Each structure stands twice: as C-alpha cells, then as structure tokens.
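These protein sequence lines are chains H and R, in that order.
Just so you know, the working numbering puts the end of the first sequence at 614, numbered straight through with nothing missing.
Just so you know, the working numbering puts the end of the second sequence at 348, numbered straight through with nothing missing.
Keep in mind that a hint or two might mislead.
Said to hold, decoys possible - One side only, chain H facing chain R, incomplete, derived with CB under 7 Å: (1) LEU36; (2) PHE282; (3) GLU323; (4) LEU327; (5) PRO459.
For the record, the hints were derived by calculation from the structure and aren't laboratory data.
Because the structure is a prediction, the values reported are computed rather than measured.
Even for Gly, the Cβ is constructed at its ideal location relative to N, Cα and C.
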Amino acid sequence: MSENNEVLDRVIIKFAGDSGDGMQLTGSEFTNTAALLGNDVSTFPDFPAEIRAPQGTVAGVSGFQLHFGSVNVYSAGDMCDTLVAMNAAALKVNLRNIKKGGLIIVNTEGFDPKNLRLAKIAEEDNPLTNGSLDNYQVIKIDVTKLTKAALEGSGLGVKEIDRSKNMFVLGYLYWMYNRSLDNTIKFLEEKFSKKKEILDANLKVLRAGYSYGDTTETSMRRYIVNPAPMPPGTYRNIMGNQAVAIGLIAAAEKSGLPLFYGSYPITPASDILHELSKHKNFGVRSFQAEDEIAAMASVVGASFGGHLATTASSGPGIALKTEAIGLGVMLELPMVIINVQRGGPSTGLPTKTEQADLLQALNGRNGEAPLPVLAACSPADAFDTTFEACRLALEFMTPVMMLSDGYIANGAEPWRFPSSDQLDVIKVNFQKEKNDGDKFLPYKRDERKSRPWAIPGTPYLEHRIGGIEKQHETGNISYDPENHEFMVHLRNDKIEGIADYIPEQKLDSGPEKGKLLVLGWGSTYGTIKTGCIRAREEGYEVAHAHLKYIKPFPRNLGELMYNYDQILIPEMNMGQLLMLIRAKYLIPAIGFNKIKGLPFGVNEIKNKIIELMK
Amino acid sequence: MSENLTVNTERPKMTSKDLVSDQEVRWCPGCGDYSILKQVQTVIPELGLNREDIVFISGIGCSSRFPYYMETYGMHSIHGRATAIASGLKAARPELSVWIITGDGDALAIGGNHFIHILRRNFNVTILLFNNQIYGLTKGQYSPTSEEGKITKSTPAGSIDHPFNPIALAMGAEGSFIARSMDRDPAHLKEMLRRANVHKGTSFLEIYQNCNIFNDGAFEIFTEKKTKKQETIFVENGKPLVFGANQEKGVKLDGFKPVIVDIVDSSNSVNDLWIHDEHDRVKAGILSRFFDNPALENHFPRPFGVFYTESRSCYEDELNKQIEYAVTKNGKGNLDKLLRGKQIWELA
C-alpha cells in the first residue's frame, strides 16, 4: 500500500470527546510515540473545569491538540488537519478549528438521537447526514460497536468495555500515520501490570483499531511524517508543571538546601504539588496548607529556617498570598512563588490560559514592594526559568515571582534535558559569625545589597525580624522618615541592580535593525516565533525578541528596541507589558491583544505583522 | 537536613537575663503583658533548651511585640499568620523550639483558620494566647472573646456577637494540650508555661491578660484576692474539683451533669467529687463549658490549669518518617535520574 502513503511535513490532530472518553490519554500516548519516532511535537490539552460535566454535552467536551512534524514546531498550532470526534458535542465544539478539506474521524454511536439531543442538535440537523460536512473528508466508524465486538467473551462489564474504546481510535490513528504500537503496548503493560484482564482488553482493542485500518479501509490514504531536524542529543517529553517541579528539586540539589513547598490545591497549578509529593526521597517537604494564605505563610517560615522555600498557585490564590509575599519582601528572605496564570478576574476561566497577572506580579502588594519577575516561555523553558528564579531568590535574598500559565502548565514538548553537572551551582552561605565587631547586623548589605541569612540554630546570631519598617543595618523597628525613604530606595535598588547579574536581551530571530520587532513574553513564544518565520517566508523581515526577565528588564532592552521603527507586543491580556514598555522607554509600542482563554494562532500573529509592515 | 544547616553549639548556660533583648519594652505601664514576659524569661532557662534553637513568632497586636523583647530568634509577622508561619518553620526545622505569641483577635478572628489547623496537625509548638477580650493596638474595639453587650468604640450600643470559648474551640479542633492561666498568678503561669513547653505536640495556653487601658478589670473577679477563691477552680490531675474561700465547695458529676455541692455542711464529702483526669476527653469537654457569666446565679467557677492533654504523633515527625521511608524504599533522590524521566530518545 506504499503507493497510498503521502509524506507530510507537519500535522495537527485534535482528539476530542466526552471528558470520560480518555482523550487526554489517547493524545499523550500518540505524542509520546511521535516524539520517540523523532518528530518535533507540541501539545495543548483543553478540558472543562468540571471533572465530569454532564455526559455528551458541549460543556463536557475534553480535547487534546497535538502538533507534530518533520520540521520544527513551536506551538500546538491553530487549525487542525485531523479531528477525532467521539460524539456530536465534540464535533460541534471543534468544527470551526478544522481546516477546510481536513479529515474528521467520528464515532457514529456518538451521533445517535440521545447524543444529538445532549449536544442540542436537532435530529434532522445531524451533521453526519445533512451534508454540512461535505467540505471535509469524513471517516465514520462505529467505535463503540467494534470495541464491543473485539471484547466479546472477555467477561468485562459494559463500563470497562466502553472505557477502552479510546484504544481503538488510537490503534486506528497509528495505522493511518504509520506508527508502531510498541510504545503504547509498553505503556499499557506498565500501567495495568496488576490488572491482567484490563491490560488484555486494552491491547486487544488497540490492535483491533490498527487492523481495522489495515483490512477495511484499503483505499484510504496513509501518511508519513518523518523525523524532524532536532539538535542531536537525548530527549524526553516534558509538561510545564512537571518542569517546574523538577526545576525546584534541581535548584535545591544545586544549592545544597532542602526543598520546602507549601501550597493549596488550585487549577492549573496543582500538578506541581502532585509531582513534588512523589519525590520525598529528595527530602522534599511538601505541605498542603489549609488555605493560600497559610501556604504562603508556611513558605515564609521555612525560608526563615533556611530552606529553599517555594509555592505555586494561580491568580486568585496569588491574590490571597500577597500579604505574606509583602512580608517576604520586608524580611528580605529568599522564596519562589510560581503563578500558573489562568483566565480572570476572580474565579474566571480556571482551565483556560491568559497572561493577565503580570501587573499583579509586579505591583500586587501594598506599599513599594519590588521583587524580581520572570516568565517561562514553554514547557521545557519552565525548567530553566524555575531554576533561575531560585538562583535569584537565594543570591539576592528576595522573593521571586515566576510566571507560567495554563498553556505552558499542561502543554508538552520534547526536552533536551541537561545532566546534573551541566547545571550551575547556586552558592548559599549562611551567616555563621557576627558581622560588626561584637554585634550581628541582620540588615548589613553585601556588594549586591543582599543581606545575610542567619538561620535559627546558629549561636550568637539571635535576632528579630518583622514586617514593621526597620532601621538600616540593625533591623530594629524604625519610624524615622529619612530612614523609611532610604529603605524604600534601598529595597528597590537591590532588585533593579539584579539587571547586572542577568544576561542581556537577545533577539530570538530576524534582523538586528529594521521596521518591526515583535516583543513577547511567556507562552506566546512558539506562536510568535512561527508567525515571524512565516512572515519572513513571505518577504516581511520582522524580528522577534522574547522576554524572560520582566523585573528588572535586561539592561540593553531599550537599545535593542530603538533599532526598530515599530514594536509590536502581542499579549493574552489588555496590554500589560505594553504599558510597562511605553512607560519606561517612552516608545509608542503597539499592542495586539487576545483575551479568549485561548492562545494566539500563528496566522493571527503573521497577519498582524504583515498588516503593520505592508 | 543538609550539612549546610548543622551548627555546633557550646555556650555558657543560659540565665533569665540572657533572654532580655536590648529593645525597650513599649507596652503601656501596668499591662499584663509584662508579667507574662517575665515568667517566660524565668521559665525558659529551666527547660534545658539552647538559646539559639528558640524562635518566637508573633502576629499583630499588642502581645505580638513580644519577640522583640526576647534575645532569641524571632519574627514579628502579619496579622493572624504566626501559627501558619510557625507550621512552615517547624516542618522545615523540627529540632527548633518554636513559641507562638498571639492574642484573642490575632488567633481567633483574623487567624482563626490557621489556629484550628495547627491544633489538628499537632506541630510540636507552644501557643501562648494573650486573651484580654479587647482590641488594644487598634485602640479599643470588641474582640471575638468580648462578652455580649460589650460597649466599645465599634459597638456603642453593645456587642451583639456571641463570644468564642477558646478552650472549647481548642477541644473541638483536636488540640493535644489545652490549658488556661492568668497574668496575675505568676506561680501558676510559670507552671503552665513549663508544662506547655514540655508537652510534645501543639500546646495551647490561654492566658487571661488585663488590658488596663481599654478593658481594665475584665478578669478581676478571677484574679483579685477578694473573689478569686470563689470564682475560680484550679484543677490538678488526680485531684478533686474543690473551690471556695475555705475550699468548702466542690463539683460532682451526676452522670454527665456537673453539680456544685457543699462538702463541709452536707451529705457530700470530698470523696464524692469529680476527680480531674486531664486525659479524659469527655470530662475535659464538660470542664471547658464552665464558662458562665459570673454575674449569673449558680454559675460554675472558671477553671484554670490543664484541661486536657493527650499523646499524639506530631506532623513534623510523620513528615520526617515519610521522607525516611521514601529514601529507604526508592533510594536517595538521584537528580540525573529525575531529569531523564522514564522514557528518553536519542537523536543523532
């Protein structure tokens, strides 16, 4: 059948079904197999906030988008080439994101009268019969029936049988994209090592799906996506939240400190707590506090005790933590706060992505309370950025905020992971002796304006710290007006001075001078990068720079921007970085904003670039 | 614990004077806080602790200035959060002696949530709650322990809040050591401080403390010589509940119902009385309800002493055990293994 094989350089598949249909697992298994084959991959899950929203309804649709290619892919992509729709609701939600002429694989049983009714589609409007899908290639499979047939006589109940139908779809797609089943077989063997009958059922259905493609759809086209030109090395797949957790453990190991993680469960940050709780053999002390406030307070306590003290949350949780973060600023103790941003305000869109907490990170505390703010730009980059946030916190004795978001947290990509000896050592020197003759001055500064970290248990360095304004050097309570102004400046200068200890801003791509620079931050990285590449392919010489350090900005950021006639700042908010750039550098940067709980599409970015450069 | 944190200690034996910091004490003259500070500084040298291992953590309020006056490690934190900060510190550094200084507003209003949760988790810390039934630092509003009808700046027509009974609250929150003392009885206070610190687990000591500026005399009936004997009952483990000017009265249990009886002039003798058992949760619950308004007729005397204590595992010990178990089971964490994950692939 090789004559039916078409070679593609990249494919975007969306797996969509009811939240109980196992689409996340199907998607991530296909992803792992693609990565092992050497494809570049980028994924984005899109699931409802409800754990089990009413079955079959539009609210209950769970999706997993995968972009893989023989070329480098930098985002999960916009319009899909292939959609798997397990029911009518899944098709209804996702149809607008399928390329015209794209492939739609449907489970026909999911379009029965009951499912149509649940999806609020009139029976006469059944998309499988009313011609509305004429512009697409539709493959109709009664997955439910075929799964049942494959498991006839297995002795399994209706529920268990129904649960394995995602394996049929996965097997079928493996056939269609010429993938081996081996990786998934290995995965299932591990997952169900203690449930032989479930393992057998899943394997049977997986193979049945593959064979179904082989035997029944012989005229169907199959596709080949060859390995991508990735830098040589050893890779693994990594999700953003997982990268944060590993980054925290790595920073603890490289600083020689025990890791403390105090947090309260919140979407989409909870997976960091779950991941860290698995690694107690690294001495990780994960503490699930009674609320967000206590979580942050426990971090302050652990930091006072000399641990690498960390927490993560999302917007509303960060709002609750702000008072204790302010205390951290005043105490000048190291701690790392990760904000996995989601749609706001208030409860907002818990499972959707947004970048609207930037100003909160910078200014969301009472008083002048500066702290460094860093932003990760992709799942793998979340590791580096977390590690760097820990370094800055420890070396400068300050709370540091690291911004991630739902897109990074749940997205995955291949990661050419470092070995432990490639990671920098983070130097921590606890104060052991008095630093002013016979006295210990807890707020005496070093050349970085950082203060000594003298932890309880150290003889002769007993001292008191607190949230009240303190006298320079002694740390004693002081209401002196001159001292207060001095201290406010000192705390700010310390944070701004970090600019001397971070890398200068580099261009990600494009010419060093020119008409347009696209300046981004956070999870828009892959989309902006791809948008710029596409625009250049069409002859528009646009440049792209992406900020990791937002407080302080890299020293050369102004100079870099002055090399362009125009600066475009795409953000998933109403223009927060835009405001900062305009205010600080007095340049008329242009905002490009999307606030739909969804990432930008490559075409949206490309079209905006072209509109400005035409 | 990494080697980084290990510190060797050899210093002269601590005295009360060593615990006095160079900061001027700034409570109002006559404040009950002075007496508590003095007793804490007196008792600590007798507890066999290293000075560098002691940490005082407070929230906000008059009492929360306390750490500044102790020549130990200390943190004057934010309103209501001392218990949560101490939890983090204790989880990180179980070997430290952590003392929490709080007040009725700090612990029971803004910090109520953290207060109940530290009690159930049973971190090995000592909580001293200075209860003066008023907000002092903000200059005289009613607190969660102020009595109904209390006239204050924020309740000119009298408070309509029903007050907390802190002992009963601590019982309900699964406290493992629950006691009450008062600023005006130094000997008793000292003994309660000692017992609170010796107990392994979260020790909760409520201290009736007079605010002579905004709520002077709130506890007078319990603390002043004239009425103290009739209005209080000092409980001791294994001893009968006896009180009165001449120790002539006692409390008897009629089923679960406490009854005040005359033990001199009636058919009841001391042998019929309720014998205090500080390990008996049910009886401690009944005792905690001796919380009547002293103005009422036939009210019960207010108990002082240890209401209840139990031996229960501490959060930080269990956390350590889990870490040790994880190391035994999976071996000490290997960073390279973690970075590699379960599934890798090579690209040439």
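We went through each hint and held it up to the structure:
1. The beta carbon of LEU36 of chain H is positioned within 7 Å of a beta carbon in chain R (closest approach about 5 Å), and the interface hint is therefore held.
2. At about 3 Å, the closest approach between the beta carbon of PHE282 of chain H and any beta carbon in chain R falls short of 7 Å, and the interface hint on this residue holds.
3. Look at GLU323 of chain H: its Cβ gets to within about 6 Å of chain R, closer than 7 Å, so that hint holds up.
4. Against a cut-off of 7 Å between C-beta atoms, the interface hint on LEU327 of chain H holds, since the closest Cβ of chain R lies about 5 Å away.
5. Using the Cβ-Cβ criterion of 7 Å, the hint placing PRO459 of chain H at the interface with chain R is satisfied: the shortest such distance is roughly 4 Å.
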